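Listed below are the residues making up each chain.
Protein chains: 2
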Amino acid sequence: MSEELATGPKESPPAPRAGPREVWKKGGRLLSVLLAVNVLLLACTLISGGAFNKVAVYDTDVFALLTTMMLLAVLWILFYLLRTVRCPGAVPYRDAHAGPIWLRGGLVLFGICTLVMDVFKTGYYSSFFECQSAIKILHPLTQAVFVIVQTYFLWVSAKDCIHTHLDLTRCGLMFTLTTNLAIWMAAVVDESVHQAHSHSSSHGNTSYTRLTQDWERAGSAAGGDCSCNTAVCQVFQQGYFYLYPFNIEYSLFASTMLYVMWKNVGRLLASSTHGHSHTPSPISLFRETFFVGPILGLILFVVGLAVFIIYEVQVSGETGRTQQALVIYYIFNIVCLGLMTLVSLSGSVIYRFDRRAMDHHKNPTRTLDVALLMGAALGQYAISYYSIVAVVVGTPRDLLAGLNLAHALLMIAQHIFQNVFIIESLHRGPPGDETHGTPPREPCQGLTFANLDALHTLPACPPPAELVGPSPAGPQEAVSITSAPKDHWRSRCLKDISLFLLLCNIILWIMPAFGARPHFSNTVEVDFYGYSLWAAIVNICLPFGIFYRMHAVSSLLEVYVLS
Amino acid sequence: MSEELATGPKESPPAPRAGPREVWKKGGRLLSVLLAVNVLLLACTLISGGAFNKVAVYDTDVFALLTTMMLLAVLWILFYLLRTVRCPGAVPYRDAHAGPIWLRGGLVLFGICTLVMDVFKTGYYSSFFECQSAIKILHPLTQAVFVIVQTYFLWVSAKDCIHTHLDLTRCGLMFTLTTNLAIWMAAVVDESVHQAHSHSSSHGNTSYTRLTQDWERAGSAAGGDCSCNTAVCQVFQQGYFYLYPFNIEYSLFASTMLYVMWKNVGRLLASSTHGHSHTPSPISLFRETFFVGPILGLILFVVGLAVFIIYEVQVSGETGRTQQALVIYYIFNIVCLGLMTLVSLSGSVIYRFDRRAMDHHKNPTRTLDVALLMGAALGQYAISYYSIVAVVVGTPRDLLAGLNLAHALLMIAQHIFQNVFIIESLHRGPPGDETHGTPPREPCQGLTFANLDALHTLPACPPPAELVGPSPAGPQEAVSITSAPKDHWRSRCLKDISLFLLLCNIILWIMPAFGARPHFSNTVEVDFYGYSLWAAIVNICLPFGIFYRMHAVSSLLEVYVLS
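Chains as they are written, first to last, in the UniProt record's numbering: chain A, 1 to 563; chain B, 1 to 563.
No lab work stands behind these hints, which were simulated from the structure alone.
Please read these numbers as outputs of a predicted model, since none were measured by experiment.
Don't take every hint at face value.
Copies of one chain are not kept apart here, so a pair can be met inside one copy or by any two copies together.
[As the list claims (entries may be wrong)] Under the rule of at most 30 Å between Cα atoms (straight-line distance), these lysine-lysine pairs were calculated in the DSS-like manner:
#1 Lys26 x Lys159
#2 Lys263 x Lys26
#3 Lys263 x Lys362
#4 Lys362 x Lys26
Just chain A, with the same shape it has in the complex:
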């Protein structure tokens, strides 16, 4: 051991390989992360406290906090824009992978819906503002300003790799990111309070009474002590609750783009790493597909919408027809998830025969995408596992329990296989790449990365010595000769698959995002875990499940363009 200590100094020469960049980035990032964590936890405390009416934290406190945060974020954004305009040398590089067009397009779309929501909210609160605190009207107005400024900011500078005032920029970006996450949390909490309120008012009789009172006061806390009687007020209230999902997605989209900007602060890009753009040229859209995927997807989409509307109508109606609505809902979901699982699986199988080079660029956007896909899926996993345990251990052995079990199992399988497919797709180079590979030296090196592990298990194929250290010869070896017609057929299949999955994910986003809650209509889990525990599980995990769908859609759009 002591001789190893002696060897310590010897290895300072190889040290530079990692480069000083990483380290001073770490040092600079620490501060901003600490700031973000603390602000976020404070917001989290107030928001979660405000959700329980037993707790003496009122929604006005939460509104005040959010308004302050948004104003500060707006000030910083304006400062950033002014500064970058003033000194053009501030942004020497732009990350071509950051802020792809559809992400920014989605941001604008959701931003517009958020503005509409803010109008509704303002109208709702101002319809009885004499008995309201001013903050409740100030909050949506501030949010509107914040949304406009931030959307413009992200549209023009999502690709920036800024190189001035590094620490200040990091802190500013992290603070804006924190603001978006706080808005997301507030919206999610407000929506689940509303859900629980409507649910408990429909089951006003049974064991939920204690909670009902809580939720009712919390739910109506938005309306203060005044009641919302006028028709226009009702419209406003209904309207802004239906627009919540867009506000939620807006915050999350903005957060991901801000995170990538934060990662890119002070990043040094070689001019060659400008990367292939992922922008779909509109001409190529829907061309080069067999039309099977899009059409099948559209059919499922329309059927799904119909099922969703039937479900909502029947569940909100008298309880007798809830059973029937649930059966329809589950059957549709089982069919949809089953097809998606098979399709993703076939996509992965196609990749086993694909010989395109893997894309090895450092790419914060992709790393984040993969992390978010894997992480957001946990929410749905958790709900499914709780359902499985409830059904398997629980007593009822009826049709609904069986459907519920199949639904939960398929949900897990679908998430797993779709993640595998998307992640593998995101690491493929663009279609042109394979032509640039040199023919392989050994037969067993014409394999895709997924099989490269197997190399080491095969005695015939020792790990190539070039793999030690960064070797310019590396990936070319993993690439092999390609046959154009086959690949064309293959990329067509992949385009079909990605479009089909994309449409399915949209409909599976719409259902929970706009208020379908079979978790509560179906009594299996509620009876098994008790309402409060099950409500906590669903209200914490479901937002991630919903975000997963939206994020999968944007990733699948990228896959469609790449393949």
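Once you have looked at the hints, place chain B on chain A.
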């Protein structure tokens, strides 16, 4: 945009820079991560379900699951050991940073305590095994076998970078890691049920009655329907509850080591990256310090133990003296945390004048350490913020509320500054390094990494062009000439600081780990949030806070050796 698409193929040459290793590792890791996530979620569901007696999941189900997992893990470990013994070529490289001696030492220590706990558990259950299911006696026995096998396995092969059966090894390691995390979860849940049980039995009268019944049944579920009357049985029961903290730490230590092994699977190390060993040569221990840190730390340690015992005695006694006990407890903690904050701060100040080279090696162990320090601190942050909100918004304005507020604020400050100090220390090279730096070309390049950010803000110091791309000349520039006597004095200070912080962290680990719960004795938060919500917050967050202390101790020991 389309022209960017055209440039896509052009940049395949630079692609290899990132190297194929990363990518095929990703592909190989995906499978094992998916396996781990799903097994862990299933275990999480059963364990959390078993904690609530309203839920029809019994602890026997949990025991059965854990026993099965441990047996499978043992089988895999034996298979791994046999295989590595069989073919010596399986482990071509060993990561010198992985499994440092004190980590393995701590593992053995905690493992022994876990074995004692298993003996107690076996005795406890076998004292009335006629009305027990056999699994309750089988479980501790299996755990003993598992602990022995796993400790041996980690002792001999924590440093391995294995290169055969990569996928199988990854899955096996991830499964063993999952098993440890499941054991940790089960222990934490069991302990908090026990805590809540003892708490509610002390406040049997008030609003906790509903919970009391829950907890009592859950708590005594360990005893099934038989009562534990005999003296020896009581001893066993008391004993194994006091040994839980060691079991918890054992699982976490094993998990971190397994994670590093997993990261090292298929890793290719240049022989030069064997790194400086972090092993403290026993002679150098306590030498080269001013003895101020150790002595002050020991005083605080002893005082803390006394305070802890007084607190436990008075709180468990009649409720009249709880107030007094809390005052003593808080005052000690405030003094301790205040000193720690100042000391960590001074440590960071010293680093501003330190000119040692930064250690730039790729080092999974250190990356994990930093991530765990930052992540585990979140638990304590959350508790503190909830306390702050409760005190600030809540009505009572007495001495205890003030102490509570000061305690919470200092807790946050202490975590922040200690993290900054530890993370900066871990990135320093060994003391010998600075002599290997070449004198700086420009005056403003003799700064530590924390100030390198400032370089770009100073007009006089443009970002050095060498920073573009990996430049062998990079870090040497960040190093400047050093003056030996000063540095000696500096490293002495750092050793004192790390030893002082180390001892403080040990005492701050002991208090909560062995059952000090001022969060419940002090009624501010309980009254503000209500018992069930506050119990959920504390029982979820506190285990991370406890783990943070233990992990900080091991990191500080490393800092002591490095400085």
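Tested hints:
1. Taking the shortest alpha-carbon separations for Lys26 and Lys159, both the intra-copy value of 21 Å and the inter-copy value of 26 Å come in at or below 30 Å.
2. For a Cα distance limit of 30 Å, the shortest separation of Lys263 from Lys26 qualifies both inside one copy, at 11 Å, and across copies, at 21 Å.
3. Taking the closest pair of Cα atoms, Lys263 and Lys362 come within 30 Å of each other both inside a single copy (12 Å) and across two copies (19 Å).
4. In this assembly of identical chains, the alpha carbons of Lys362 and Lys26 lie at most 30 Å apart whether taken from the same copy (17 Å) or from different copies (14 Å).
No hint from the list above goes unmet by this structure.
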